[in-house]
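S.K.: Once you have looked at the hints, place chain G on chain U.
First to last, the protein sequences are chains U and G. Heads up, the first sequence is in my numbering, so the first residue is 29 and it goes up one at a time. Heads up, the second sequence is in my numbering, so the first residue is 29 and it goes up one at a time.
Calculated directly from the structure, the hints in this document are not laboratory data. Relax, there's no trap hidden among the hints.
The list cannot tell twin chains apart, which means a pair is met if one copy fits it or any two copies do.
Straight-line C-alpha distance at most 30 Å; calculated DSS-like pairs for lysine-lysine:
#1 Lys-530 / Lys-708
#2 Lys-736 / Lys-789
#3 Lys-721 / Lys-633
#4 Lys-678 / Lys-736
#5 Lys-106 / Lys-708
#6 Lys-106 / Lys-759
#7 Lys-652 / Lys-106
#8 Lys-530 / Lys-445
#9 Lys-530 / Lys-440
#10 Lys-106 / Lys-530
#11 Lys-106 / Lys-440
#12 Lys-633 / Lys-708
#13 Lys-633 / Lys-106
2 protein chains.
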Amino acid sequence: MAVDMDGGAGYAADEPTAIMYLGQHETQRHTPVTGELLAHAQYVGYDMLTAPITTPHFQSRVLAMLEGHMSTLAESSKPESVPLPLISPLTPVDTDLTPEVSNSSLIAVTSPWIDLASPDPLIAHVSRQVFSLEVAYAAFCGINNVMVHGPVSSEGTMQYARAVLEALGLGPYLQMHVLLPMSGELEQDVSADGTHLAELAREQFITPVDEDEDESEPELYGSWEAWNAIRTMCNYSSRLTIALEIPRQLPSLNLQSRWHSEPIRLLVLPRTSFIRNAKGYPVLAKAHQQYLTRFLRLRFPPWVILSDVGSIPSRDADAVDASRPEPTPAEAAAKANDKPNDPVPHMRYLRHLQQTQPSRPPIERFGQGYQDYLQSPLQPLTDNLESITYEVFEKDPVKYEWYERAVALALKDLREKLGEGVPIVVAVVGAGRGPLVTRVLQASSKTGIAVKCCAVEKNPNAHVLLQRRNATDALWNGQVTVVKSDMRSWPGPTTSNGEVGKVDILVSELLGSFADNELSPECLDGVQHVLHPEHGINIPQSYSAHFTPIATPKLYSDLLSRASTDLNLTVSDKWELPYVVMLHQYDYLSVQPAAEEDARTPDVKEAWSFSHPTSEAILSQASKRAGGTTDAGGWVGGDGSNEHNARSCKFTFNCSDRGICHGLGGYFETVLYASPSGQKVELSTNPVTMDEKSQDMISWFPIFFPLKTPLSLPDNAEMEVSMWRQTDDRKVWYEWIVEVYERVGGKRRKLGMSELHTSRKNGCLM
Amino acid sequence: MAVDMDGGAGYAADEPTAIMYLGQHETQRHTPVTGELLAHAQYVGYDMLTAPITTPHFQSRVLAMLEGHMSTLAESSKPESVPLPLISPLTPVDTDLTPEVSNSSLIAVTSPWIDLASPDPLIAHVSRQVFSLEVAYAAFCGINNVMVHGPVSSEGTMQYARAVLEALGLGPYLQMHVLLPMSGELEQDVSADGTHLAELAREQFITPVDEDEDESEPELYGSWEAWNAIRTMCNYSSRLTIALEIPRQLPSLNLQSRWHSEPIRLLVLPRTSFIRNAKGYPVLAKAHQQYLTRFLRLRFPPWVILSDVGSIPSRDADAVDASRPEPTPAEAAAKANDKPNDPVPHMRYLRHLQQTQPSRPPIERFGQGYQDYLQSPLQPLTDNLESITYEVFEKDPVKYEWYERAVALALKDLREKLGEGVPIVVAVVGAGRGPLVTRVLQASSKTGIAVKCCAVEKNPNAHVLLQRRNATDALWNGQVTVVKSDMRSWPGPTTSNGEVGKVDILVSELLGSFADNELSPECLDGVQHVLHPEHGINIPQSYSAHFTPIATPKLYSDLLSRASTDLNLTVSDKWELPYVVMLHQYDYLSVQPAAEEDARTPDVKEAWSFSHPTSEAILSQASKRAGGTTDAGGWVGGDGSNEHNARSCKFTFNCSDRGICHGLGGYFETVLYASPSGQKVELSTNPVTMDEKSQDMISWFPIFFPLKTPLSLPDNAEMEVSMWRQTDDRKVWYEWIVEVYERVGGKRRKLGMSELHTSRKNGCLM
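For reference, chain U alone in the conformation it holds in the complex (with noise of 0.2 Å):
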């Protein structure tokens, strides 16, 4: 049990159309962005525009001003003496903004052509000056996506990224997307044109710096460095997001999957993205229209942009002068059906994209709207459940199934061995509203064995339905021996004779995101003594859990800016817990050597794992310790008479690209049963063995075990993950702590580590 789904979500019956808002940017803007012009582009499609904040007027001004200082310095004795020139305020010439309702489907642009981070003091005031007096304008007027070019070149990141900073606390609402390539440069390069500060400091101001970069060869993940630099001095703040360029020629899947990790705000599509089809339409390469889907199916999916595609085409053009009556939306959609040569054809193609989405898979579907969201696991043993959560658990249409496959089989290997004859015992411990019950039943009128079984639950309201359901069911048929009690006190059925029998099979569903993260193993121990000593089977008979480093920005960032209070949580322990949760935009950072190019699956180790039934002299050195008889002591305190159920591991993850860990994701496994025949009844949520395992599963989303420092990776990495499972007397929890190293020369050397984080202030009651 491992999602909380109160009062949300579930299977929506139709998948409605994907949202897609589009936007039109042109690099060079040439009629000014009005209210008429943008009420004509969502006339013919658009959503949104993109508006420079200022006109070229103004930029020609700056450049004036700046050769004035140029002068005046060229004359002065004492140059230093000279005061850094300063822009006077904008004017009705210098912009063609102005504050209007409709502002807020504008995403405003800053000026392309100055550079933040020039080692050019002179250069950098004056390109601070126009950044701040554009953005505070565009926030004046409203707009509050403002979209800026990245840095100019990699040496100057820090500044850069410090005038960002204080760009975002220009305005409350701001929004700041940074455009950015997916690596190399942009496709759309405006710093070519002659009057990019940037060239005129290379060409006039200064002598040109000692670069001592090798910037021959641009690094495949430098877009992305710069990006991680710029939002890590920003802090993760969640007004910060990224415009991204998509090229002609997609990069690898690895750096592909690592921007969509990354809150991409806008997704920039310049024409040049775009291909011909046989009948001469622009449209999308197969490997682009894969990587939009994925975008699509994000809680937030990122508006797109469509660049330089061509301008709105004007009323005139369409024959529509502003007298006329708006179209209907009926006429609107046959005209852009039907017109023949399509003024708007990139953008007629994505809506066309737009419609024909693919479906999305169960758990997407089952999970919309909870995808990143951090929830702490359930305490079903402290908390009594309810019966919503239940209901939620049982539409699971491959978990229960599989059960019922185990029992079946169980049933079938116990009934050879002990032969035909008395009834073989069941026990449904744990048994909730009672589909596991079901199952048992359903399984034995299968195999036409018969059997007695028994449903045990501690929880009273749950026991009332238990009661009614043994009345009125009538595949249950009042044959059901219902027990209120927690597992772990209940002596076992009692047999005709009156005397207190044992249990063939003891049926539970207690594992959580992580196996045993809900305490499965010491509640199967607490109930041993039930179960036959020599053939008793337990289903589920083992359970692993499993683990693989990820870089998860928008988990970070949430928790970052989440108040513990929300948790009930002091303010350092947010760090010091796992939460459930349906990872949904991460990036898996150590991955298989892949056999396919289009094939990405990732290096999951299995922590550890439990089988039951314990053995009998562990269980008995353990009762012995629970009573202090002997003063060994457990590892982490108390009698250590859990100590049994301890665990560690430590695991060597490679990473083959830069990156940063935010955190481990979790998963589990378990083998419901393995007949000695071979044949073998499994669950998985871990990603590599899922599909094959129990695939539409929909019952438990991961495990996330945050780090509180991101810990840098760079390429070819190695990851070493400590983990612990503790326990004392009283409760469960959980210990990690990464470390990073690499290899020069065939040495092992590392480069960092993170703190140790511990859940044993957060721990699972026992």
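M.R.: Just chain G now, with coordinates in the frame of chain U:
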């Protein structure tokens, strides 16, 4: 002004003998450490003894139990069903210790034959039990100092550290000292005696782990790296310290300094670290003596433990029987000095070293008790200083002398320029209790150049003293014009004809530990209107801020544990401001390539500089901006009237040896006056130039810019530090961020970066 000495330090007239606590350790102690033995050890001159917690009997018992367990396993058909063995409680034959008052002079030693980090779960399990039993028993006996051997292999450091962390939880007063070599292996290795569990594990129990480490060449910094990992996992606990074994050959000065910066509680000198002098007595080599001296100068010097230098001589050997009365101290001393065949020559030699420690440099004597003590910088512009604070500053043997020289030089230059005639107008702004006034008058009297002297002071309390001094001091003799005013509002001196005149020389002492951090630039800009526009001279004429990255585990640990309420700060803020601190136990991370082996010069960079007077054009632009006449705005808010005093810089530091950066050490240099003739009077706290420019100056401690999360550096790293001096219309603050790079195959790759730190909320008010 930088040191807040409130009620504290000052020159000690005589330096007392160095403090040295001496202990005796035996790797294989054959006699129980009884109260009697301890008393005798103290009688012969030791302060303390180490004591093994358990006896060889206990070790045999554990080994026997292990063998029994192995047989059980061998006989079992299901080895995984056999519970792990438990060690039964200690019995009197297992330990010689018992609770006694004298136990506070004992250092308990845990069994060196365990392997807490064994990859074999059985060995790890048994080792942790032994460790836990022992530490808990020592704590029960009231022994709070526990020495534990460092990890056996680097592979298991995380597990080892986890065990140490757990042990720290066994008693609230426990101090754990981890025994480590400076590099490589311990000289006194106890793991080779055949009964070490690590060895047993290798031989008997498990197949050797597939070590993928290249163990052939031990890393020079391997031992330090293990320590760093352990204390990082223990979150820089102040109860976790080092017992450092000093080898026969000391490693490089860099590695010596690294260890010196770490929390060494015990300095273990094994027999092998001594050499024999000409007379055959054991002595330490010069380098060892110097290293010891460095440690003894720490605020809390480590205890020195002599290891395996011979047993405590028995009372019988001394022909002292218990019935004989204790010798008087005089008798004991005589005996200690005269005995020809000294049974404790190593101890005696160290006592000799203790008596003959060289005296400390003035700043260390002056700052005694202030080493590594973090203070918030003064805010003299908003707070009024107390007399005692002035008094402390006035004791500086160098600073005021140098000011007098600078004034004399400036007087001579001005007299030459202006010719004889009217007296030269000298104003001391921020005169305090008047020490600079006195120096101005002395310079005048020594050079025979007449001055008209003004003393401007805003502190009304100091103003009283200035007036009294003018009336009573023979040198002042009523000739000083005392003005109570903020210097920025002072119109200037009144001339004989009642008009407002100009000042020829403006003397101030407004510098802070980082030069401009107490707003000298803003104050001097504010008073510049009184300075003669053509020939006016500022003393100081210019100043610059300097910094270098440092490792300071002590300061980091202090800040971590410090309640922010100590400083009236919010939790997140304690990392967001610089501190004035007498840096003491720290290490430079970037040192200049050394000319000599025994010299180690940090790489200190100049962040930025200011010079006075400021150009009139710049001041005039600033005053226009103050009125909002131009709307350009400041870079970080406000009108931008102080933007000309904003600064920024970015530097790369090369760091040859791996380490952890905890922050930046900051310093200043100033040119008080540079004569056109070439003569220059300078002050410096920059460790590279301080001795040359102003040796023995005591008025300023360095400044420390902390990093919230320590940054790891591998060998040959490059650190890139970006710093800003930011300003709006009301205050000034600093920002700093650090990146780490390395070069691999000629390419630079980024390894990590810090957050952006900003003291905006704690800025200095203008």
